Amino acid sequence: MSASNSIPGGAIVGVDVGGTFTDLFHYDEARGSFRTAKVPSNRGDEAVGFLAGLQSFGPVAELGSIVHGTTVGTNALLERKGAKVGLITTAGFRDVLEMRRRDRRQTWGLWGDFVPVVDRDLRLEVAERTLADGTVRAAVDPEEVRACARRLAEMGAEALAIVFINAYANPANELAALEAAREVWPNANLECSSRILPEIREFERTSTTALNAYLQPVVGSYLAKLDNALAGEGFGGRFHIVQSNGGVMSTDTARRLPVRTALSGPAAGVIAAAAISKAAGFPNVITGDLGGTSFDVSLVVEGQTMLAAQTTIDFGLVVRTPMIEITTIGAGGGSIAGVDPGGMLQVGPESAGSRPGPVCYGQGNTRPTLTDANVLLGRINAERPIGGKLARLDVDAARTAIATHVAEPLGLDVMAAAEAVVRIANSKMAGAIRLVSIERGHDPAKFAAVPFGGGGALHVGALIKEVGLKAALVPRFPGVTSALGCVIADIRHDQVQTVNLPLAGIDAASLDRRMVEEAAAARAVVESAGLSVERIDLVFELDMHYIGQTHTVAVPLPVSVANGTTGVDEATIRAAFERAYQASFSRLLPGVGAKIVNLRTAAIGRRPHFDLAALAPAAGTTVEGAYAGSRPVWFDGAWHDTAVYNRLDLPVGAHIQGPAILEQPDATTVIDPDLSARVDGYGNVIVERSAR
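Numbering follows full-length UniProt numbering, in which position 447 of the sequence shown is assigned residue number 447; successive positions increment by one, without gaps.
Note that these hints are calculated values from the structure, not bench results.
Check before you lean on any hint, since a few could be wrong.
Computed list of lysine-lysine pairs in DSS-like fashion (alpha-carbon distance at most 30 Å, straight line) [what the hints assert, rightly or not]:
{"no.": "1", "residue 1": "K446", "residue 2": "K278"}
{"no.": "2", "residue 1": "K446", "residue 2": "K465"}
{"no.": "3", "residue 1": "K84", "residue 2": "K278"}
Predicted model only: the values in this text are computed from it and were never measured.
With the sequences and hints as input, model every part of the structure.
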């Protein structure tokens, strides 16, 4: 099950493009050495920052492969800046996107609004019908499809989605329609639901296919820019994209299935955080990625990330494809602070981004941000800003902005106002952590926080104290953790197929053949990626329920492919179902038959092991050598003389009592007065409540 190393040169670079900074992690597999870089993102033309970061490692042409985590798809969905989409569907099903699941934005409100990503006049119907058992009652007329496609193109549609009822049971009509539409459609942005989500339930299938079309021109154009920039530098290696499930896919797959990039960037960070924390002896953690625009939270239990089969990006925007469960709120370093008409202090969700950025950047913004508050409180060193672009930060400008927009309207001293901004942001972050822990039955006292991103470690104390976490683990390079995740992420391809079979008396041989076929198709996608892997694992999972129920449980099957068979049988499936159902609901339903709804298949190419010990401090460093002096820092309403250390020079075993500031090129870690920190064998900083 191994695959040969096909990476030219062997050097791989992970690139995470955020709203403010582009983070990079360069790893030479042959030498086992690494380098990091952090450069400003160029909002609107991210290829500029992307290329500048790569060039910091030397000639781009000498790189072997590049793996990229992107938020382009996420931002397009959240900001409703996708393409104009046309939809061709079965007669009578034009309004599936609008009806959804008969839910509403405000559950008890009399009024509400929802605008689907496909306008109603761009949703056209054709006469075709496939029954639920796969029987084609009415074949599709290719000429009718071509006429609809021409009409949608004339109306300005930039992408086309084709979704027919029951196409999951038999895709013949859909595939015929796709071929007919391709003859007249003016670009490559068209796809049908059976090639994206051949799964029962028409709303989820329609929504996922429509959102895929909504993103195709946006993501395709973005990737084309990056491809052209790389070609201009003579790059001849492999270029891959991180998927929302934490795996890696080729850019060709990303262009065809851009909906799988919806949470690409944050997913890479969770993958790295899970690997780092597990190696450090903290298998249960809550990750918190604080960037320039958002705070992304995810749960890791016993070293395993949480995968969801379906995610709602925003109200009505349902994506049914495996994704790492991530909760996102608008609280980043660039989040703008201000007083609303009701006299309440608000922080975010509006962000200053990278351009113009916080007021202290001196790029034209006059409204204060969370970063400005941290600068004024002395937590960020104005003389050593991260990212390398600015020589220093303008503390006076930050003070003026906070005084004007926060302190004066609230009748506060400017320092109290800055601290209030930080506390509001801390409260929002704590709320997001409670959402994924306490509200799902997990005791936060058994979990550690893993704060990363450019700003996560600034708020480590609040994450521990406000939520009641046992500790926090700050990675060696918190600002480039997502970029590291791009490097160590496995290659993964997921497939789903609705089977709709009762378990009793199942034709196990027929199911076995289908599983082997699905596994071969998924494996071929992973093998074509061209990245080195140690082996390819094949994972099977069934969506099942008792007959009469609607909702399913995920049932992992303890089988794999060997000698052309999985060896699956009814007894194995029944035992797996009962284990999964018992774990979810603490009881079984004796005497009630079970049903298999969907077969899920994943091929996972396991990347070569990355030895995290390589990140550890070099031998010979000392705490005294890392000491960089002290400065006043504002904590809990007063100034405290605070020791400052060059974090990367701290040795393994170092113990630091708060208050302290640990500085490094990609991030700053703040140790509150009542907390202490120690450096573990991997160079992580473990922050805990002080014993004294």
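Here's how the hints hold up against the structure:
1. Simply put, K446 and K278 have alpha-carbon atoms about 14 Å apart, close enough for the 30 Å limit, and the pair holds.
2. The hinted pair formed by K446 and K465 meets the criterion: a straight-line CA distance of about 14 Å does not exceed 30 Å.
3. Between K84 and K278 the alpha-carbon distance is near 44 Å, which puts this suggested pair outside the 30 Å criterion.
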